[in-house]
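Based on the provided sequences and hints, a complete structural model is requested.
One letter stands for each residue in the lines below.
Number of protein chains: 2
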Amino acid sequence: MGKIAHDFILLDAGRITEYIKKVLEQAGVREDVSCHVSEGLVQASMRGIDSHGIRLLPHYLKGVEGGRINQKPDYKFEKTSASTGKLDGDHTFGHAAGVEGMNKAIELATEAGTGHVAVYNSSHFGAAAFFALLAAKRDMIGMCFTNATPHVLTTGSNRAFFGNNPVCFVAPCDGEEPFCLDMATSAITFNRVMQHKESNSQISTDSVADANGNPTTDPEKAKYLLPIGDYKGYGLSMMVDVFCSLLSGMPCGNDVSEMYSGEMSKRRYLGHFFTALRIDCFEEVSVFKQRMAGMMKALRSEPRRDMDIPVQVPGDPEKKIAEIRTKEGIPVSKQLQDDFIQIGKNYKVNFNL
Amino acid sequence: MGKIAHDFILLDAGRITEYIKKVLEQAGVREDVSCHVSEGLVQASMRGIDSHGIRLLPHYLKGVEGGRINQKPDYKFEKTSASTGKLDGDHTFGHAAGVEGMNKAIELATEAGTGHVAVYNSSHFGAAAFFALLAAKRDMIGMCFTNATPHVLTTGSNRAFFGNNPVCFVAPCDGEEPFCLDMATSAITFNRVMQHKESNSQISTDSVADANGNPTTDPEKAKYLLPIGDYKGYGLSMMVDVFCSLLSGMPCGNDVSEMYSGEMSKRRYLGHFFTALRIDCFEEVSVFKQRMAGMMKALRSEPRRDMDIPVQVPGDPEKKIAEIRTKEGIPVSKQLQDDFIQIGKNYKVNFNL
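Protein chains in written order, with the working numbering: chain P, 3 to 355; chain Y, 3 to 355.
What the hints contain is simulated information worked out from the structure, not anything from laboratory work.
Just so we're clear, the structure is a prediction, and the values are computed from it rather than from any experiment.
Copies of the same chain are indistinguishable here, so a pair counts whether it falls within one copy or spans any two.
Using 30 Å as the maximum straight-line C-alpha spacing, the simulated DSS-like pairs for lysine-lysine come out as follows: (1) Lys299 to Lys268; (2) Lys74 to Lys268; (3) Lys299 to Lys225; (4) Lys350 to Lys24; (5) Lys81 to Lys139; (6) Lys139 to Lys74; (7) Lys322 to Lys299; (8) Lys321 to Lys299; (9) Lys268 to Lys225.
This is the structure we're talking about:
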């Protein structure tokens with residue numbers, strides 16, 4: 003834990019959702035868009051994905067103010083076959099274009115068994131799980147990909163070509179929240195690097211590389227993230243880029259725009275890809291969900307290597323944090339509180355939670 | 003290289019294909035099935051995936067003789083929506099059931115934009131690329147998954163739950179063979195462990211674990227394979243198992259049958275999943291293939307970390323080996339030559355290449 007760990011307050015999810023929604027609307031964002039963004043940010047924070055949660059509000063507001071993000075998108079959806087379509091996100095928030103895209107995929111799947119939507123002209127969409135989880139609510143498997151700013155060292159090179167392009171897979175489950183795998187294709191994220199910087203601690207080996215592409219454990223020297231499994235993580239990043247950039251017609255690889263260092267007036271031209279797959283086209287939904295639950299219980303009952311550390315299913319840590327934060331609230335650092343107070347003043351929304 | 007490296011002959015791909023096909027037919031395998039198996043085995047060997055190539059013939063023949071593999075399958079395909087279907091492989095070779103499954107997926111995609119087929123009652127299918135490459139020939143993206151014997155250490159446990167379930171993604175490309183990512187979800191394969199045993203060399207760290215689930219570099223102690231990226235490779239294995247076991251209705255996780263140690267009279271009840279996705283539903287095929295080629299060229303031109311080691315695209319090593327073996331032939335060890343001669347005698351097929 004960093005030195006800021008003792009300096010936070012706990013905020014109720016419902017009230018912070020309302021606050022973010024109001025601020026966005028005061029910034030000229032249309033109501034349907036502000037709903038998706040506030041829900042997406044708060045869901046990420048609730049699940050412990052703080053890097054993709056409410057802390058991004060100040061950054062996004064700069065994007066709205068600068069003109070990077072369109073507050074009132076004119077979506078254009080083109081159905082290209084029974085199971086496919088393309089969505090023009092019109093440069094709005096990725097959260098909103100993403101919900102629109104996944105809902106179209108679900109609509110296609112309802113008729114054709116599966117639905118696949120490439121979204122173009124989009125922006126940062128936060129945590130991928132937000133969209134894939136929508137499919138699970140409809141008894142479908144959900145998958146979601148996005149391209150991202152290049153940060154992952156190319157195997158054999160001394161610099162990055164692909165972003166930390168996430169792979170997200172969600173399947174519904176009997177009696178508990180869906181199985182949710184939402185993983186970057188690198189060993190760790192830059193958020194983790196920042197935590198190591200704050201706590202002045204070494205990063206584990208084979209996780210990051212310095213400016214020359216050489217592996218390092220020093221967080222101060224970390225410039226690139228290393229892909230998981232060497233060429234395998236690199237290959238997965240490339241697969242995601244094919245889905246998100248080549249199928250959508252957006253810039254690919256190291257032409258993908260910068261999130262933080264780019265000009266806030268410039269559109270990001272990001273691409274996403276959403277898949278929904280009806281379970282009942284393959285197996286009775288009740289049987290599938292029972293087997294899914296059985297698999298998860300079986301995994302958690304596997305013998306432990308260390309008696310004090312439980313065997314977890316991917317996504318379990320997020321489920322546990324969500325349970326805690328539902329009761330206790332979302333921890334907000336002093337820095338972010340100050341940001342929220344200032345934003346509240348600027349946009350005439352009371353930050354009084 | 004192992005000590006057997008100097009003791010091989012080079013065999014022509016066409017002639018070895020013909021030999022395997024004739025042997026299988028003499029073993030009672032129907033012609034369409036024997037075609038797919040011989041092509042699949044030889045393609046894997048040509049691409050340097052020797053573990054999944056022609057060396058498997060003796061093992062498969064035991065499966066035919068023992069009754070594990072059905073020589074004359076009665077496939078049953080059920081179309082369950084515009085873009086989905088299920089195929090009963092009737093316990094034949096996975097290579098044959100797989101080609102049938104991928105061809106059905108391509109057929110569905112031709113009409114509905116995408117096609118997704120779950121295959122049940124199948125057996126070992128060799129290298130996943132064999133099937134996904136079929137989609138690329140039709141200007142589609144191909145994906146292919148299979149479940150497998152549990153060998154990958156579950157994160158936090160001291161034993162395996164999932165197999166080394168492969169993820170395969172193929173996309174067509176202008177002016178060269180398709181981009182082909184065909185990766186296991188573990189750091190290395192057991193085939194590599196065997197090579198280390200033969201050469202009495204240490205395995206790199208974070209690749210395998212001993213019988214207690216503790217990481218080891220000693221090939222003699224290796225019992226489990228470690229997943230790439232810790233919980234990420236484990237999560238990918240689980241995703242693949244959901245596709246191949248839960249959607250197909252086959253046994254999952256550590257109920258998946260043994261390849262080598264199981265009785266050769268017992269059906270394997272494996273499941274696979276095939277996806278084909280028409281590129282022209284998203285982007286002009288010529289534009290996509292040019293951008294795909296451009297991406298691959300750009301990656302190979304990225305600055306090198308070590309001037310003597312080229313930057314490669316995943317799949318490049320297989321392409322290079324295929325080029326060499328097209329000219330020179332497939333190297334066959336003395337052991338395998340002896341096996342082929344003996345098999346030739348048993349099945350009255352002349353091994354005279």
